[in-house]
Amino acid sequence: MPSEQQYILLPTRGMQAPFAAAAAVGGKAINSIHSFLTQLHPAIGATTVTPNISLRVLDSIHENGAKLVQMAPEYVSALRAAQPGLRLVPVVYYRPAVARYKIESGMTVKSVSVSTGVKLKVVIGKTAQPAAGASVVAFTDFEQRVGAEATTDAKGNVTLALASGKKVERLYIYPKLAAWGYADKNVSIKNGMTIALVPIDLQYQDVVRYFYDRFHDDGGAGIKVGVIDTGSGPHPDLNIAGGANTVVGEKPADYGDNGEGHGTHVAGIIAAQHRPNRRIRGVAPSAELRSYRVFAKGSDKASNYSIAKAIDRAVQDGCDILNMSLGGGPVDEATKDAISEAYNQGTISICAAGNDAANPISFPSSDSLAVAVTAIGRVGTFPGHTTSAEAVGKPKATTDPKLFFANFSNYGVDVDLTGPGVGVISTVPGGFGVMDGTSMACPAVVGMAARILADSTLLKGMKRDQLRAQYMVQTVLAGAKKLGLGATYEGQGALL
Amino acid sequence: MPNFILKFRGEGPKPADAVERIRSAPLFRILDESSPRMLLVDAPEENLQQVLESLPDWKAYPEQTISLEDPRHQIKAASKRAKV
Chain D
1 MPSEQQYILL PTRGMQAPFA AAAAVGGKAI NSIHSFLTQL HPAIGATTVT
51 PNISLRVLDS IHENGAKLVQ MAPEYVSALR AAQPGLRLVP VVYYRPAVAR
101 YKIESGMTVK SVSVSTGVKL KVVIGKTAQP AAGASVVAFT DFEQRVGAEA
151 TTDAKGNVTL ALASGKKVER LYIYPKLAAW GYADKNVSIK NGMTIALVPI
201 DLQYQDVVRY FYDRFHDDGG AGIKVGVIDT GSGPHPDLNI AGGANTVVGE
251 KPADYGDNGE GHGTHVAGII AAQHRPNRRI RGVAPSAELR SYRVFAKGSD
301 KASNYSIAKA IDRAVQDGCD ILNMSLGGGP VDEATKDAIS EAYNQGTISI
351 CAAGNDAANP ISFPSSDSLA VAVTAIGRVG TFPGHTTSAE AVGKPKATTD
401 PKLFFANFSN YGVDVDLTGP GVGVISTVPG GFGVMDGTSM ACPAVVGMAA
451 RILADSTLLK GMKRDQLRAQ YMVQTVLAGA KKLGLGATYE GQGALL
Chain Z
497 MPNFILKFRG EGPKPADAVE RIRSAPLFRI LDESSPRMLL VDAPEENLQQ
547 VLESLPDWKA YPEQTISLED PRHQIKAASK RAKV
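So the protein sequences, as listed, match chains D and Z. Take the first sequence: its letter number 357 is residue 357 in our numbering, and every next letter is one higher. So our numbering is basically just the index in the second sequence, starting at one, shifted up by 496.
Isolated chain D (complex conformation) (with noise of 0.2 Å):
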């Protein structure tokens, strides 16, 4: 019998749910919150069994307002998909703020001489083409991320400041476009080496093709997305339908890409278009997409604000679904609160849940009214010596020998469902990329998401408010399924 915990369920807002009836959509139920939380009142001190889930109610603060109930960690996922909306919040206990003093692990860093720093080469392929605008990475002790870093030039060429022959523990280069990015150990790094990368082949199955490339073109048809990043496009591949730049002392217009590419590489994941002799397309090419840039020209941060307006904006512009490939740092309550409105308003949000490879999964996908999206990968839709190849983690899943836990995904109990996210292949601004992580696992099951939903015709009649967005959150979860990982990774599992 698994550790059990308590928690606090809550309604969607407040510690009371407004009365709103149980609801039959399509032959499918939805228990309101409202009837949810009265039922488990007189429950006080019994077990409440259901097929997927077994709680004991401890306490009530009023007949349809908090429960604190005690539950095994591993229901959370089944009750989020049960009853989408309410809020599951772990009984935690504060203690005193004692200021001590503790021993911080110090580095002490000793001045070595060196003439000069040492030069490489990095071009793509056979016909060497520079690979211009690479991040390159060596670490000379990667358990303390000490080494040195630095960009190629439009030829491909780089100085590390390292010592030429210096026995690099690992090496990462991360090309901005056209070819994988590449990993490898234990080099001995030299002046004058030229290092080649595996250029991308848009033949190739990667790991969302590998799932996705039965479906026909039409999926998503008439389900608008709303991609709020670091700007999309433009792209020949991409249809951005609008959007807007809500980053304060920009153009409200300049929705497109901020120059990082990580926004244009998540819409082409949702909704890249097919063309003739190339097998990168979106999950769900017919959904309409919108950008809301909320990161700066040249910043890899986003204020709150940027990021509520946008979330504000985008409700307004009847957006569906939200992508945010975004997250870290504590709580932030006015992104909790334009989450909450979105929600009300019948717009769901499908976050990331991170690439710490911690527990818990990082802050806005554990808001509970947020669906969160871990990543896994699949051995075989990547080469080897690649940074895809190094984010092969575990656990791997039952269902499929090949399929793997990515090492660098968060997870908890909070895990919703997970994705493809290992090795992508997608647009990028001037071509096509690979990136790894949870920011591409979520536009996967975005695109899923929206194949699904744009095939019932009950949500097309339905008043945007609470019930529409708790109709779609159970019915994309309804579409999972379990790969064996375990709740903690992958929630529901898979929508493949």
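Careful, some of the hints might be misleading.
[Unchecked claim] Below are the DMTMM-like pairs computed for lysine to aspartate or glutamate, each with C-alpha atoms no more than 20 Å apart in a straight line:
1. Lys-336(D) / Glu-559(Z)
2. Lys-555(Z) / Asp-337(D)
3. Lys-555(Z) / Glu-341(D)
4. Lys-297(D) / Glu-542(Z)
5. Lys-572(Z) / Asp-201(D)
6. Lys-166(D) / Asp-141(D)
7. Lys-555(Z) / Asp-566(Z)
8. Lys-126(D) / Asp-201(D)
Honestly, the hints are just simulated from the structure, not real lab data. Nothing here was measured: the structure is a model prediction, and the numbers come from that model.
Given chain D's structure and the hints, the job is docking chain Z onto it.
Then chain Z, alone, in the frame of chain D:
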């Protein structure tokens, strides 16, 4: 001074008279008012509390930043070297 997000929690768009009261408050500077229900302001926290006491439909949040979910490895400290 930190920036704060002021969000109107009432019905409809933010009322113009409330926006003007916020604008005229001591040491307040509105940085952005393009959102229908929000403002981004630069203001001292103590003045902010005072202004919000007279505007019960408004809520303040400190401005924070959120990062991209980037799995790329990064250097935290330079290697032992000098005079390159």
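Name the hints, by number, that the structure is in violation of. 4, 5, 7
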